[in-house]
Amino acid sequence: MKKKTVQKFLQTPACKYGRIWNYLIPILLTAAVAIFTYYRQTFTLLRQEEIGLFLNTPDYYRTISMNPLPVSHIIGGFIVQFFGIHPLGTILFTTGISAAYLISLGIMKKIGAPLEVICTALACTVWWFTARASSPATGTAIILISALFLALMTLLKRGGTKKRVRIWDTAAAAVLIAATTIMLSRDRDIKEVEKWSKIEFAAVHRNWDYLLKYATPSESLKDVEVVPWALLAHNVKGELKDEFGRWPVTEEFGLDYGTNLSYRSALFGAVLYRELGVWNESIHQTFQSGSYLPHCTSFRTLRMLIEENYAAGDSLMVVKYCDVLEKSTLHKNYIKHYREHPCVHRDSDRFIENGSAPHIVFTKNQMDTMLQLGRAGIESPMAMERYFFYYQLRSGITDDEISERSEYHQ
Amino acid sequence: MKQTVFLFLTLTVASCMPRNISESSSCPPIYPDYIGVTVPDGIAPLTFKMADSRKFRVRTRQDGDTLWTTVTAWEKGASKAVRYAPFPIYISHDPIDPYIAYRLIEPGYENWQDMGIYQRELATYKETPVVTNQVNNRGCVNCHTFSSGNPDKFLIHARGKGGGTLFVDDDKVKLVNLTAVGAKKQGVYPFWHPDGRYVAFASCKTYQEFFISGTQPIEVFDLTSDIILMDTATDSTWCVPGLSEKDVLETFPTWSPDGNTLYCCCAQTDSVAHDDWSRNHYCLKAISFRDGEFTTEPRTIWQQDSASISFPRINGQWLLFTRSAYGTFPIWHREADLYLLNLTDGKIRAVDELNSDDTESYHSWSSEGRWVLFSSRRDDGRYTRLYIAHFDGEGHFGKPFMLPQKKPEHNRYRLKSYNVPDFIKGKVRNRHNEFKKLFQ
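Protein chains in written order, with our numbering: chain A, 1 to 410; chain B, 411 to 850.
No wet-lab data here; the hints were simulated from the structure. Heads up, the beta-carbon is just placed ideally off N, CA and C, and yes, glycines get one too. Hints may be right or wrong, so weigh each one.
Listed next, the in silico DSSO-like pairs over lysine-lysine satisfying Cα-Cα at most 30 angstroms (straight line) [as the list claims (entries may be wrong)]: (1) A:336 with B:816; (2) B:486 with B:459; (3) B:582 with A:327; (4) B:571 with A:364; (5) B:459 with A:332; (6) B:582 with B:816; (7) B:826 with A:336; (8) B:757 with B:536; (9) B:816 with B:536; (10) A:336 with B:459; (11) B:826 with A:364; (12) B:584 with B:816; (13) A:327 with B:486; (14) B:584 with A:327; (15) B:837 with B:536; (16) B:584 with B:594; (17) B:486 with A:336; (18) B:837 with B:817; (19) A:327 with B:594; (20) B:847 with B:826; (21) B:536 with B:835; (22) A:327 with B:465; (23) B:809 with B:835.
A few chain B residues that don't get close to chain A, going by computed Cβ distances all over 10 angstroms [stated by the list, open to error]: (24) 426; (25) 476; (26) 498; (27) 521; (28) 544; (29) 573; (30) 594; (31) 624; (32) 649; (33) 670; (34) 791; (35) 792.
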């Protein structure tokens with residue numbers, strides 16, 4: 001957009017305080033959104049990419065078409081791919097909110113009521129909802145519908161009135177922006193999503209120290225669900241013995257998720273069994289986690305399946321998932337590695353096993369499962385350590401001791 | 411035939427092919443493998459690509475009912491191309507049902523999100539839903555079974571909130587809770603009697619175990635299973651005498667085409683009870699049926715101590731079944747293959763024309779008995795794909811071909827498995843709203 005056009009769009013008649021005054025509201029809004037998103041929603045955007053999906057395949061479009069707003073889901077799905085590159089995600093997100101402001105300003109001009117405060121309020125509302133949403137689809141839908149509305153009004157060619165931006169307009173808009181920023185900063189849901197995004201991201205990417213920075217004993221008092229993740233991190237690092245006593249283990253959340261079934265419990269299972277080297281179960285749990293997502297899969301699910309099948313030696317599945325991911329936009333380099341370094345295919349033993357191998361299976365008793373791993377030929381110090389603590393929890397620690405431990409922490 | 415010819419013309423890529431061409435005596439490496447397959451006249455165009463993604467050009471020559479196809483392939487930007495030896499595609503005029511139905515589901519084994527039963531017109535690539543789990547609050551929809559391939563008479567199980575068995579008979583749609591009528595047992599693996607009145611079910615308590623190691627991830631097995639019969643005229647069910655024994659597992663009921671015999675697979679319960687599934691071998695039994703009553707004791711048709719039989723499906727004198735090393739859920743058994751039993755002389759053979767190194771499992775005959783539709787995991791080892799093969803009526807099959815798609819890569823990109831494929835004689839009309847009302 002040329003400078004003159006921009007000036008015209010943003011209420012060109014120069015304000016008596018100088019031309020910059022006309023741009024102050026969008027500048028303030030853009031700065032607030034960019035800074036907040038970059039510093040307070042870093043991992044939320046990364047997670048949106050990880051649980052998002054965009055594939056240029058007929059099945060993807062068919063699933064999308066079953067949604068009430070298919071176009072916004074397609075555009076939202078396309079945009080979400082870039083959230084994996086964090087600064088780019090921030091730029092896109094900020095652009096979206098700024099676009100909401102500009103579109104509403106355009107509409108206001110067309111109806112002859114160029115009220116910047118209302119436009120700011122509308123943009124802040126879009127920001128509020130989009131920042132709290134699990135994907136940018138809703139925000140995209142609002143922006144698209146608004147843009148369509150603006151386009152229709154432009155076709156009507158109804159002239160707008162020109163007026164100067166008054167100081168109180170800017171002041172009121174600034175207050176609105178500040179209030180929205182403060183409200184979003186204090187929003188529990190946003191904090192919660194960011195915290196879990198960090199924990200999930202760290203666990204999936206094996207950054208155990210980073211995980212333990214956010215899954216702390218004091219955090220576990222507010223949210224006991226962090227305990228299994230923190231204990232897993234200690235377990236992988238080989239320090240469970242030293243750290244176990246610091247954590248409030250409950251019946252529901254301890255070394256694992258118990259009987260809880262959710263996206264996060266399945267993801268936990270996938271990460272746990274990946275670290276234990278139990279690929280059948282890791283793949284199974286990754287599938288399970290995918291089943292909680294809109295497309296039954298996501299970029300994270302597909303990448304995890306590639307890595308797990310690669311480690312398991314199932315080259316056919318690695319090739320298949322690489323083929324699928326190739327239909328996204330940003331995975332060319334990721335796939336290149338697996339294409340250039342194919343795994344050693346472990347396939348020939350499958351037939352023999354069907355008839356002769358001992359059936360070593362998972363049980364609902366996690367302690368027993370840890371013991372079974374050794375029988376199945378998976379020698380894992382991690383599993384041994386977990387077995388010991390399961391044993392300790394079930395026989396060595398009484399209910400009174402568990403409650404004492406909880407009281408101690410509180 | 412015209413359609414089939416048209417397909418290859420559309421595949422001819424008029425881009426800059428190198429002029430320097432060398433000849434190869436081998437057939438081209440194409441995906442899907444359509445070399446030497448027998449296809450029904452009027453099937454949707456068989457699109458393919460080079461397995462190694464090279465650019466290619468196709469020339470076809472028709473010789474009677476054989477389509478000779480010559481492929482010339484080259485690397486992008488290369489100065490030399492390779493012309494492969496022409497390969498045949500045989501066109502059969504034997505009739506095939508115009509539609510097939512199947513379930514699409516992720517190949518996981520506990521949770522799901524989207525699941526649906528779909529129909530596909532064989533002459534085109536058009537796939538439309540028969541029912542999806544949007545009608546029953548994301549519950550499970552399964553066990554779709556058509557009465558002799560009739561698109562207006564079928565049943566579907568719908569599990570989850572307000573679940574039951576949906577019976578469709580022209581304009582009549584009813585939801586029956588099998589556990590609330592007659593024998594008060596749930597039913598799976600349904601099979602309609604040819605007269606369209608009775609339906610035989612297996613009633614199973616099914617469990618699954620997950621293997622810690624090895625490349626087979628799961629074993630699914632029944633702790634108990636009996637055969638029950640439902641009279642759709644009265645909505646009553648009862649256990650089939652002789653096929654609902656406590657110490658015997660009976661499953662996969664199948665009627666003979668004349669409706670006078672009910673076949674099923676049976677195994678002793680003791681091997682399952684002792685967690686030794688590898689000794690769990692199902693045999694094939696049959697029992698006579700006349701005028702709504704079973705008239706004989708079950709008799710053993712086929713039994714082997716080292717193998718298990720699943721999904722018997724009969725076409726005249728031929729009984730096609732899945733043979734696995736053990737158990738009742740062959741889809742996770744890589745050794746599972748299709749076998750053909752000649753009911754007149756009892757001879758059995760592995761159908762090598764159809765089998766691969768990976769799983770071959772659920773199968774069904776076309777209504778005229780000249781085509782067989784089966785599922786196989788030969789493509790990648792996990793995602794089940796559909797194959798169709800010609801049957802000559804004398805016990806021999808043509809080379810099977812993968813269900814053609816508009817884009818040949820479609821089967822690679824699809825992240826769902828095809829499940830319980832079946833031929834149907836026409837299109838099932840959209841009953842989404844009717845079904846949805848039943849689950850509200």
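Structure-based check of all given hints:
1. Between residue 336 (chain A) and residue 816 (chain B) the CA atoms are separated by roughly 27 angstroms; this keeps the pair inside 30 angstroms, and the hint holds.
2. Annotation: proposed proximity of residue 486 (chain B) to residue 459 (chain B) holds, straight-line Cα distance about 14 angstroms (limit 30 angstroms).
3. For the suggested pair residue 582 (chain B) and residue 327 (chain A), the alpha carbons sit about 44 angstroms apart, so the restraint of at most 30 angstroms is broken.
4. Simply put, residue 571 (chain B) and residue 364 (chain A) have alpha-carbon atoms about 26 angstroms apart, close enough for the 30 angstroms limit, and the pair holds.
5. Note on residue 459 (chain B) and residue 332 (chain A): the hinted pairing holds, with a Cα-Cα distance of about 21 angstroms set against a maximum of 30 angstroms.
6. Proposed proximity of residue 582 (chain B) and residue 816 (chain B) is contradicted: the alpha carbons are some 35 angstroms apart, above 30 angstroms.
7. Distance restraint check for residue 826 (chain B) and residue 336 (chain A): the Cα-Cα separation of roughly 25 angstroms lies within the 30 angstroms cut-off, and the hinted pair is therefore satisfied.
8. Proposed proximity of residue 757 (chain B) and residue 536 (chain B) is contradicted: the alpha carbons are some 40 angstroms apart, above 30 angstroms.
9. At roughly 9 angstroms between alpha-carbon atoms, residue 816 (chain B) and residue 536 (chain B) fall within 30 angstroms of each other, so this suggested pair holds.
10. With a CA separation close to 21 angstroms, the supplied pair residue 336 (chain A) and residue 459 (chain B) stays within the 30 angstroms bound.
11. Distance hint between residue 826 (chain B) and residue 364 (chain A) is fulfilled; the C-alpha atoms sit about 28 angstroms from each other, no more than 30 angstroms.
12. Taking the CA atoms of residue 584 (chain B) and residue 816 (chain B), the gap is near 36 angstroms; set against the 30 angstroms cutoff, the hint is violated.
13. The straight-line distance between the Cα atoms of residue 327 (chain A) and residue 486 (chain B) is roughly 20 angstroms, inside the 30 angstroms bound, and the hint therefore holds.
14. For the hint pairing residue 584 (chain B) with residue 327 (chain A), the CA-to-CA distance comes to about 43 angstroms; that exceeds 30 angstroms, so the pair is violated.
15. Taken as a hint, the residue 837 (chain B) and residue 536 (chain B) pair is honoured in the structure, with Cα atoms around 11 angstroms apart against an allowance of 30 angstroms.
16. Restraint check for residue 584 (chain B) and residue 594 (chain B): satisfied, since their Cα atoms lie roughly 18 angstroms apart, inside the 30 angstroms limit.
17. Between residue 486 (chain B) and residue 336 (chain A) the CA atoms are separated by roughly 19 angstroms; this keeps the pair inside 30 angstroms, and the hint holds.
18. Taking the CA atoms of residue 837 (chain B) and residue 817 (chain B), the gap is near 23 angstroms; set against the 30 angstroms cutoff, the hint holds.
19. With a CA separation close to 49 angstroms, the supplied pair residue 327 (chain A) and residue 594 (chain B) exceeds the 30 angstroms bound.
20. With a C-alpha separation of about 27 angstroms, the suggested pair residue 847 (chain B) and residue 826 (chain B) falls inside the 30 angstroms cut-off, and the hint holds.
21. Our distance criterion of 30 angstroms between C-alpha atoms is met by residue 536 (chain B) and residue 835 (chain B), whose separation comes to about 16 angstroms.
22. For the hint pairing residue 327 (chain A) with residue 465 (chain B), the CA-to-CA distance comes to about 19 angstroms; that is within 30 angstroms, so the pair holds.
23. Proximity of residue 809 (chain B) to residue 835 (chain B) is assessed by CA-CA distance (about 23 angstroms); at most 30 angstroms being required, the pair is judged to hold.
24. Look at residue 426 (chain B): its CB is around 25 angstroms from the nearest CB on chain A, clear of 10 angstroms, so calling it non-interface holds up.
25. For residue 476 (chain B), the condition that its CB be more than 10 angstroms from all CB atoms of chain A holds, with the nearest at approximately 32 angstroms.
26. Every Cβ of chain A is farther than 10 angstroms from the Cβ of residue 498 (chain B); the closest lies at roughly 28 angstroms, confirming the non-interface assignment.
27. The Cβ of residue 521 (chain B) sits about 4 angstroms from the closest Cβ of chain A, inside the 10 angstroms cut-off, so the non-interface label is violated.
28. Distance check for residue 544 (chain B) against chain A: the nearest CB is about 8 angstroms away, which does not clear 10 angstroms, and the non-interface claim fails.
29. At the 10 angstroms boundary, the C-beta of residue 573 (chain B) stays outside the reach of chain A, the nearest C-beta of that chain being 19 angstroms off.
30. The non-interface label for residue 594 (chain B) is consistent with chain A: the shortest C-beta to C-beta separation is roughly 28 angstroms, beyond 10 angstroms.
31. With a least CB separation of 5 angstroms from chain A, residue 624 (chain B) falls inside the 10 angstroms interface cut-off, contrary to its annotation.
32. The Cβ of residue 649 (chain B) lies farther than 10 angstroms from every Cβ of chain A, with a closest approach of about 31 angstroms, so its non-interface assignment holds.
33. Consistency note on residue 670 (chain B): stated as away from chain A, and its beta-carbon is indeed over 10 angstroms from all of that chain's, at 36 angstroms minimum.
34. Against chain A, the non-interface label of residue 791 (chain B) is violated: not every CB pair exceeds 10 angstroms, the least being about 5 angstroms.
35. With a least beta-carbon separation of about 6 angstroms from chain A, residue 792 (chain B) fails to lie farther than 10 angstroms from that chain, contradicting its non-interface assignment.
Going through the hint list in order, the structure does not satisfy hints 3, 6, 8, 12, 14, 19, 27, 28, 31, 34 and 35.
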